[in-house]
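Chemist: Chain by chain, the residues:
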Amino acid sequence: MVQAAKAGPTKRRGKATATPTPAGTRNSTGAMTQDQLLQAYRDMLLIRRFEEKAGQLYGMGLIGGFCHLYIGQEAVVVGMQMCLQPGDQVITSYRDHGHMLATGMESRGVMAELTGRSGGYSKGKGGSMHMFSREKGFYGGHGIVGAQVSLGTGLAFANMYRDDGAVCLTYYGDGAANQGQVFESYNLAALMKLPVVYVIENNKYGMGTSAERASASKDRSKDGAPWGIPGEQVDGMDVQAVRQAGMRAVAHCREGKGPYILEMKTYRYRGHSMSDPAKYRTREEVQKMREQHDPIETLRRLLLEGGLDEAKIKTVDDEVKSIVADAAEFAQTSPEPDESELWTDILLEAR
Amino acid sequence: MGATILMPALSPTMTEGKLARWLKKEGDTVAAGDVIAEIETDKATMEVEAVDEGQITKILVPEGTEGVQVNSVIAELDGGDGENASHGPEQPVSNAVQAGGETAKVAKEAEDYGAVAARGAARKEGAAAEHQPAAPEPEKEWGETRSITVREALRDAMAAEMRLDDKVFLLGEEVAQYQGAYKVSQGLLDEFGPKRVVDTPITEHGFTGMAVGAAFTGLRPIVEFMTFNFSMQAIDQIVNSAAKTLYMSGGQLGCPIVFRGPNGAAARVAAQHSQCYASWYAHVPGLKVVAPWSSADAKGLLRAAIRDPNPVVFLENEILYGQSFECPVDDDFILPIGKAKIERKGKDVTIVAFSIEVGLALKAAEKLAEDGIDAEVINLRTIRPLDTDTIVASVKKTNRLVTVEEGWAFSGIGCEVAMQVIEHAFDHLDAPPVRVAGLDVPMPYAANLEKLALPTIEHVVDAAKSVTYRK
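Note that the protein sequences, when read in sequence, are chains B and P.
If you're matching positions, the first sequence starts at 1 in UniProt numbering and goes up one per residue.
If you're matching positions, the second sequence starts at 1 in UniProt numbering and goes up one per residue.
Keep in mind the hints are simulated off the structure, nothing from the lab.
Careful, some of the hints might be misleading.
Stated by the list, open to error - To give an idea of the chain P side of the interface with chain B (calculated C-beta under 7 Å), a few residues:
#	residue
1	46
2	51
3	138
4	210
5	219
6	236
7	239
8	253
The structure displayed is predicted, hence computed values, not measured ones.
Using N, Cα and C, we set each Cβ at its ideal position, and we do this for glycine too.
Input sequences plus hints: build the corresponding full structure.
Modeler: Shown next, in the form of C-alpha cells:
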C-alpha cells in the first residue's frame, strides 16, 4: 500500500453535507439478546480502545511505517464475526487490527506485531498489515489493495474442494472494489458457486478520494449483478443490522448457493493512515458521524435503555481498558526479534 | 493520578513540528477521540486527538510554538476516571532512537545498513565468502528407461502426483475439456474428473490469486499458464502473495503451489509472446525456479515441484514439448530441485545452459570437439536455488566459462552464474566469462530477424573459442 502525507494548503475542502444514514439500507429489528448485545459492545469497545492506544504508540514512535486505524468501523467486523462458526475463514486488507481482534486473536500478539517485537503474531516480521492466525481462521492482513479478494476466493475454493461446509468472509474497501481482480473473483466465485461473502466496507473514502469520485457504480452491493450474485446494502454503523445481514449471507453460502455481497455503509473517523491529514472532508462531517451514528455509543444507549445496570457497563469498560494497557505494556517490553530471524521463514524444508 | 499529553509523531520520519493551535483550553474536559490541537509539519497539518479522558490541567506548550520535539510533554491531564488508561510500562522499551535505552542503541546500529548486512550475511550458512562446496553426490541410478516426449513426461508427472495426493489439482485455461492448449494435460480430465482438473476463464490475475489462497489452506494447486507471458497479469500474486507470506507470517502460512507453462521464445509469435522469465522470477527470495530440458528433467523435477512445500515457478519450453528423450520408467522416479546435471564431461571450457539451450550447448560441444576443444556442458535444471557448487567445481577444472540463455543478457541468469564464479573461483579463471544470450531487442516477427535475435550454435562455438583463445 502506497501512501504519503498530503502536501500543501490547510484550507479544508470537501462537502459538509454528508448523508450519514444511507437511504434504503436495512435496519435491525433487535433480534439480539441482551447478552449478545453486551458481548458486541465489549468486542467493539476493545477494538476502539486498542486502536486509540495504537495511535498513541505510533505518536510515540513505537510503531513504524504504515498504521491504518479501524476506529468508527467496529460494528462491521463484530457483527459479521457473530455469524461464523469454527472452521470459517476471514481475510482482509491492511486496515486489519479490528478483524484480528474480532476473530479472537490476542491483543498482546497484535500490538507486539505493531511495535515489531518477537512476541508479535509474525514475530515482528510482518507488521501492522501482515498478521495471520490459522487457529482463528484469520488469513491476513494483505498490503496490496484488492489482492485479498482473489485470495479469499481461493479460501472459499478450498472449502468447496474439501466440501467441509466452511464459509470465507472476504473484506475490502470501496477503493479496492474498483480493482480488476475483484470482478475476476466475482466471476470465478459465481461460476464455481464458491462459499464466499464479499464484504465491502464502504467508508466513503479510498485514501483521499471519495467513493463518488472513484466509481460510477453508486450501489456497490449490485456490483455482482451481472454474475447473478445477490447483494444488499447494510447500515454498517449498526451492529444488529450487520449481524442480521451477515446471517442471511452466510446461510446463503452454506447452503451451496454461491457468493453473496454485503456493502457495509460505514465510516472511518481517522485518516487513511496515521500520516493522512484528511483534508478531503470537513471536521463537521466526522463530528456528525461520531455524535449521531457511533456504533458503540448507540449500543451503549440501547443497553441502558434495555435496563442494563450502568455499573455492569463500567465493568466491561474497565476490563477492556486493562486488556489494552496490558497489550501496550507487552508490546513495549517484548524484545525485538533475534537477528537470526532475518534468515528464517523464507522457504520451508522440502519433505 | 494524572497523565501527560505528548507531542505525537505523525509519520515515521517526523522528529519535530509546530504546535499550530489548541482547540481546548486549561480546565476543559476531554474524552478519548476528541480533537485537542493541530500541529503542522513541513508536509501537512494534522489533528491531535486525546487518547485518555480527563481534564486538561496545564498547557505547557503555547500555540504557535515551532520546533516542538516529538515525545515532549505538551500538556498535563487530570486522570478523571481513566487511571488505567495512563498505565504503562515502568521502563518503556522504545525502538525509537530518540527514546533512549538499549533498543535505541539497536535502532541506531540498524541505521548502519552495511554493518547489519555483514552480520546478517555471516549468520547465513553458505553466504560467507569462504564458501565450502559440498562433495557432489552422484545422481541416483534409476535403471530402465524408455523414450517419451517432454509433453508426456509432464503429464505423467502430474498424473503420478495426483494419484498419490488428493490435495493436488490442476487449474488453468483449457486444461480440462480442451485437453490443454499444448496438450500437456491430455487425459487428465478423464482420469481425475472436473473437480481436480479445473478449466478457468481467461482471468490470470483472479485464478492465480484464487489458487494461492487455496494453497494457504494446505491444498497443492498446479497453475498452468497457457504461456508464461500471461503470468505478467498475475505477477503480483506470485511475488507479493505466494513468495512472501511465509516470511511475513513468521513461518505460519506456507504456500505449496506450482506455476507452470511454456516460457521463452516459441516460433514467429513476436515480442509479446516470446520472452524468458527465468531472471524475473529468480530475483525473488521465497520462490524456487526450475527450468527442465529433457523428458527426465521434466518428469523428475515436476514431481519434486509438486511435492515441494514452497511456491515453485516451473518454466517449460513449447519447442521442447514434442521432442523425445530417454526417461526412467521407475514409478518412484524423481529428481532433486537445486541440483544441476553435467550433461557432457569436458576439460577445456564450462558451458552453462538451461532449458532448450542445453540442446544447443551440446551441439556446440560436438562441433568444438571437432576442433579439439573438450567442452563440459552443465544443465542447470534449477535456476533458484542455483547449484553453485557444481558450476564452481567445473570452472576450477576448465578455468573458462560460457553461459547460454535465450533471454536478454542484461540482468540475466548468465550474470548471476558469472558473478558466482567470480566470487568463488576468481583465481581459477583464465579468461573473462562470456555470455551468449538473446539480443537486446523485443523479439521481431520476420523469420530472418527472429533467427538473428536468438542464440545459435555458432555463437556458442565462437564464445568457447574466444575464452580458450582459439581461432
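Chemist: What are the numbers of the hints the structure violates, in ascending order?
Modeler: Result: hints 3, 7 break, sorted rising.
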